[in-house]
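Participant: Whole structure, please, built from the sequences with the hints as guidance.
Protein chains: 2
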Amino acid sequence: MTTTLHSFDTAIDLANNGIGQYTGQTNPEYANMVGPFGGVTAAAIIRAIERHPDRIGEPVALTVNYLAPVTDGSFDITVRAARTNRTNQHWTAEVAQDHGLTTTATAVFGVRRDAWSDTEVTMPTVPDPESPTHTTLPGPVPWMRNYDMHYVDGAVPTEPAESSSSTTTLWVRQRPARALDFAALSALSDVFYPRVFLRRGRMLPAGTISLTTYFHVDGTELARQGTDYVLASAHAQRFARGYFDQTAQIWGRDATLLATSHQIVYYKD
Amino acid sequence: MTTTLHSFDTAIDLANNGIGQYTGQTNPEYANMVGPFGGVTAAAIIRAIERHPDRIGEPVALTVNYLAPVTDGSFDITVRAARTNRTNQHWTAEVAQDHGLTTTATAVFGVRRDAWSDTEVTMPTVPDPESPTHTTLPGPVPWMRNYDMHYVDGAVPTEPAESSSSTTTLWVRQRPARALDFAALSALSDVFYPRVFLRRGRMLPAGTISLTTYFHVDGTELARQGTDYVLASAHAQRFARGYFDQTAQIWGRDATLLATSHQIVYYKD
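Residue numbers (full-length UniProt numbering), protein chains in the order written: chain W, 1 to 269; chain H, 1 to 269.
These are calculated hints, taken from the structure and not from any lab test.
One should not assume that every hint holds.
[As the list claims (entries may be wrong)] Taking CB as the label site, the calculated pair distances span:
1. W:117 <-> H:148: 26 to 36 Å
2. H:176 <-> W:227: 57 to 67 Å
3. W:254 <-> H:162: 35 to 45 Å
4. H:53 <-> W:96: 18 to 28 Å
5. W:96 <-> H:86: 32 to 42 Å
6. H:162 <-> W:145: 45 to 55 Å
7. W:145 <-> H:142: 51 to 61 Å
8. H:162 <-> W:114: 42 to 52 Å
[As the list claims (entries may be wrong)] Calculated from the model, a selection of chain W residues having no Cβ within reach of chain H, i.e. all distances over 10 Å:
9. 9
10. 87
11. 110
12. 128
13. 131
14. 144
The beta carbon of each residue, even a glycine, is placed where N, CA and C say it ideally should be.
Facilitator: The following block contains the structure:
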């Protein structure tokens, strides 16, 4: 019997070159319009920190800045524990290639404790992912083929019609199915096509500049999601002369708010 | 005639020690429970980047990570242009004191261009800041005295009563009045007391770990706000075993969405 690595695990597979130094290889299956899917770069950074021998706790926050496209081939990730506190740890990370820095990041890892807890926002009411009313559209770029995407609102526009809403809501899981972990959740936080496509009813030049994700569960709670679909919903608040923001929620089917995520996106129109 | 520097400008006043190296002094007027108000540290970082000779454009995004309290006295800010693209520039920043790193940050500066634009979210409908129905409560910590805060919803709890909503909305401006700039707007993005106080109806240990702000205006649009009040509104999405998130909007009185901001906060309950 042979086991084959999931394409996502191949894409974020890292070789150790020293403490906090890792080398990965871009995977063409996760290619975006230019360079790889930003979510897979975020995932590789989380994976690099997870593998650092000094790491304590689990992801609480991640900010990834996309400086330049990662080009096909190998990339180096350097991660550094900037400060270790009693219950949390601050990290900085950089991704570099021969041509220079492509990505900077900061992350907070932490230990969760018993404390009063509450989810204040409510999960959108939508049909379940198995409902035949859903549509799964093939994505326009390679990385999208690694996800089962069942749009319940705001699918990728297929005809030139403007929309007054930038909201997209979809059930999504990795294809083939793979148990949800922090690396996968980090990638899912960037699973939305650019909101400006939806508003304008067409594709145009756009790319994430900075992505921030807050994690609301620990590894045990995350593992409970198994390989099931999660519900991902995103909208923009303002499109302002070349930059728009996006704010997103990722829910488990059991109504657990797994992560909230925000990004600022460059666009040209 | 003598002119006195506004206390905010004193708090973020920086001496140059070399290219990209600055030294500031904490100002007791901006003290928080432990260390200075996080907003003033964010503002000092924006100011440091603004003063760098290589800087192009204006703030688009800022993420500030609070590693450890800044102690009273001098602090060093180091900023570095990690990458300069055609229309944007990526920065990294660190704040250090004798005892080590206190703060890391990343920022994106950019140039805005003519492009299709739209504000999709709507400003909360509230009475104007001059309305006599508003209450201005003295803040429990020194930095709050530097702001006129007129709460229209979710004021600092004065009696032990839990709330089912974490939403706070207030009109706020600097005291004494000072024209709004990016440094001041960066500070305002952290002007909210911890959401968990409102939900629990009491103060408890809490502190911002990481703050991300997206700026939606250029300097000319920002200057139009003058010294007027802005409307700031924030709520939490989830409180999860020691960490909660906060998402916020800052509006000009003329319904311009100036900034959206997000943070993850440690709490103990």
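Participant: Compare the structure with each hint and give your call.
Facilitator: Hint by hint, here is what the structure shows:
no. : hint                        : in the structure
1   : W:117 <-> H:148: 26 to 36 Å : holds, 34 Å
2   : H:176 <-> W:227: 57 to 67 Å : holds, 59 Å
3   : W:254 <-> H:162: 35 to 45 Å : violated, 25 Å
4   : H:53 <-> W:96: 18 to 28 Å   : holds, 25 Å
5   : W:96 <-> H:86: 32 to 42 Å   : violated, 21 Å
6   : H:162 <-> W:145: 45 to 55 Å : holds, 48 Å
7   : W:145 <-> H:142: 51 to 61 Å : holds, 56 Å
8   : H:162 <-> W:114: 42 to 52 Å : violated, 18 Å
9   : 9                           : holds, 27 Å
10  : 87                          : violated, 7 Å
11  : 110                         : violated, 7 Å
12  : 128                         : holds, 23 Å
13  : 131                         : holds, 26 Å
14  : 144                         : holds, 24 Å
When each numbered hint is compared with the structure, violations occur for hints 3, 5, 8, 10, 11.
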